[in-house]
Amino acid sequence: MLIVAGFFLASCAATNTEQGGDTDAASASASSSSGGEITAGTQEDLIVNVGDRVFFEFDSSELTVDAQATLDAQAAWLMQYPDTNITVEGHADERGTREYNLALGDKRAFSVYSYLAQAGIDTNRMEYVSWGKERPEVIGSDETAYSQNRRGVTLVSN
Amino acid sequence: MIRKILVFLFFSLNANAALEVTIAQGKVEPTPIAITQIFGADSDTARYGNTLRQIISNNLTNSGLFYTVNEDLYIQSDNLVEKVPRFEDWKLVKAQFLLSADVSKTDKGIRLRMRLYDVFNAKEIEKLQLTIPDENLIRRVGHTVSDIVYERITGETGYFDTRIVYVSEIGPLDQRVKRLAIMDQDGHLDSHQFLTDGKNLVLTPRFAPNKQLITYMEYKNNLPRVYIYNLKTGEREIVGDFPGMTFAPRFSPDSQSVVMSFSDPNNAANSEIYLMDLNTRSRSRLTNDSGIDTSPSFSPDGEKIVFNSDRGGSPQLFIMDKNGDNIKRISKGKGVYGNPVWSPRGDLIAFTKLTQGNFHIGVMDINGNNERVIVRDFALESPAWSPNGRYLIFHRQKRSNLDGTGGEVTIHFIDITGYNERVIPTPRDGSDPAWSPLL
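Line by line, the protein sequences give chains A and B.
When the letters of the first sequence are read in order and numbered with the working numbering, they come out as residues 1 to 158.
When the letters of the second sequence are read in order and numbered with the working numbering, they come out as residues 1 to 439.
I should point out that these hints are in silico values taken from the structure, not numbers from a laboratory.
Virtual Cβ for every residue (Gly too), placed ideally from N, Cα, C.
Do not rely on the hints blindly, as some may be mistaken.
Simulated restraints on C-beta separations [stated by the list, open to error]: (1) A/Asp83 <-> B/Asn221: 21 to 29 Å; (2) B/Asp365 <-> A/Ala119: 25 to 33 Å; (3) B/Asp325 <-> A/Phe58: 26 to 34 Å.
Turn these sequences into a full structure, and let the hints steer you where they fit.
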């Protein structure tokens with residue numbers, strides 16, 4: 001149930017923007033939709049104050065410098081809320097076969113998962129899953145959409 | 001006009017033998033066949049007859065190897081099951097072959113009698129009588145008769161009495177609801193049936209050669225794993241107890257094993273190819289490389305496996321022995337390759353290739369030579385062979401737009417010569433088609 005809610009929130013965020021920075025877009029939408037205080041330690045808190053996602057280059061599962069900075073912040077946030085568990089989702093753009101993209105999505109999700117683990121987050125608090133190209137963040141057959149869709153998303157699962 | 005008559009005479013000279021149709025010869029001129037009314041004495045049998053005639057006519061026409069002579073031109077209107085046709089009348093309407101049939105009710109059920117004539121040689125070349133217990137089998141009778149006619153005239157194995165399993169799609173592209181569905185190869189709505197309810201995402205169904213099982217991937221409890229669906233019982237069973245994602249399954253030719261990818265959490269979630277024995281439940285790892293290894297497909301003799309790997313940098317096609325030895329790259333062209341599928345005749349590999357912004361579906365020899373593109377478009381995927389190895393089905397998706405429009409995905413049929421592409425109708429969008437063996 002929480003996973004679905006997270007999806008919905010995230011997808012509102014991205015489609016309401018003019019392809020601006022993803023984190024800014026998410027925060028704008030999240031704060032306007034909540035209309036009040038953000039509860040600490042929630043998905044909304046993660047999106048607004050930390051950044052819930054990282055982006056990948058085409059056909060790559062390597063974490064960029066930007067991605068590592070976001071994950072450092074996520075790790076610190078997870079340390080702050082030790083009762084919070086997460087699921088990391090790995091996604092791909094549509095320009096590959098379904099099966100190859102499932103494999104790629106899993107490698108991306110695992111890149112995020114293992115980075116957080118190395119940053120000291122207990123693996124008992126984390127799961128990861130690939131959605132391949134099945135759940136795009138932004139609908140569209142161009143690079144603007146693809147760059148948003150090649151992503152690893154951290155979802156609070158409890 | 002003169003040219004047409006010459007073609008007509010040419011056909012008549014060759015009519016002694018059944019047409020020899022080879023895949024290498026390229027576009028084939030469709031052979032004209034006349035199909036009389038399929039006669040029934042009462043309203044039920046007349047209705048069955050109409051249905052059968054429509055099925056047979058559609059099947060033969062859709063193959064691209066036949067066309068049905070317009071019945072308005074027919075001179076003789078008799079039932080020709082017991083009566084010898086007036087062959088001169090059928091020559092005049094340029095029918096090279098002639099099919100006549102009737103349907104009647106007997107103690108044992110519904111009886112069909114069929115006669116196939118070679119018009120130019122003025123002789124019967126095939127006859128058939130079969131009885132079915134009830135009308136639920138009418139469509140299968142139509143497909144069976146189509147197969148017999150196709151085989152008798154072309155010399156190739158038929159493919160009409162077969163089914164297609166696929167993924168039915170509906171809803172917004174970012175929250176797509178996908179269900180397994182199955183239908184006759186012609187996509188007729190009367191044959192269409194959903195197998196899953198859409199609660200869980202399902203992908204990439206493939207038939208077992210034994211016709212009873214389908215292997216596919218399902219996100220049950222958000223855990224992507226390979227499953228087997230039993231068509232007889234409707235039961236679903238997970239394939240093996242794996243601690244990570246399993247996907248890209250296909251049966252071995254003996255239906256006793258499933259070859260698939262497994263992303264092992266203890267191997268940095270890198271996809272390797274595994275063989276799962278369905279009887280002993282033992283598994284063996286076939287690949288071991290830091291690249292992605294996926295989309296395995298067995299050769300029909302079960303000795304080799306073709307698969308997709310990015311071990312050399314970009315995704316390419318490779319062949320290995322069934323135990324994982326002797327890995328050799330076969331794709332030679334530029335571009336990103338995927339979806340390799342070994343033909344049932346054993347001589348070709350179908351694949352997708354992304355290059356210059358477009359997807360291509362093509363075939364190559366098993367050593368990678370003689371690559372040919374069959375169809376090209378923005379998004380093409382999931383080639384699957386007809387059981388006779390002459391045709392492919394695949395899906396084609398339109399571009400989508402930021403406002404959520406577009407992205408329609410449909411199932412297509414094409415002769416591997418690149419001619420005769422047709423849409424296979426589905427009630428909703430359709431993707432990931434796979435063909436059953438002949439039933």
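Hints versus structure:
{"no.": "1", "hint": "A/Asp83 <-> B/Asn221: 21 to 29 Å", "verdict": "holds, 22 Å"}
{"no.": "2", "hint": "B/Asp365 <-> A/Ala119: 25 to 33 Å", "verdict": "violated, 50 Å"}
{"no.": "3", "hint": "B/Asp325 <-> A/Phe58: 26 to 34 Å", "verdict": "holds, 33 Å"}
In this structure, the one hint that does not hold is number 2.
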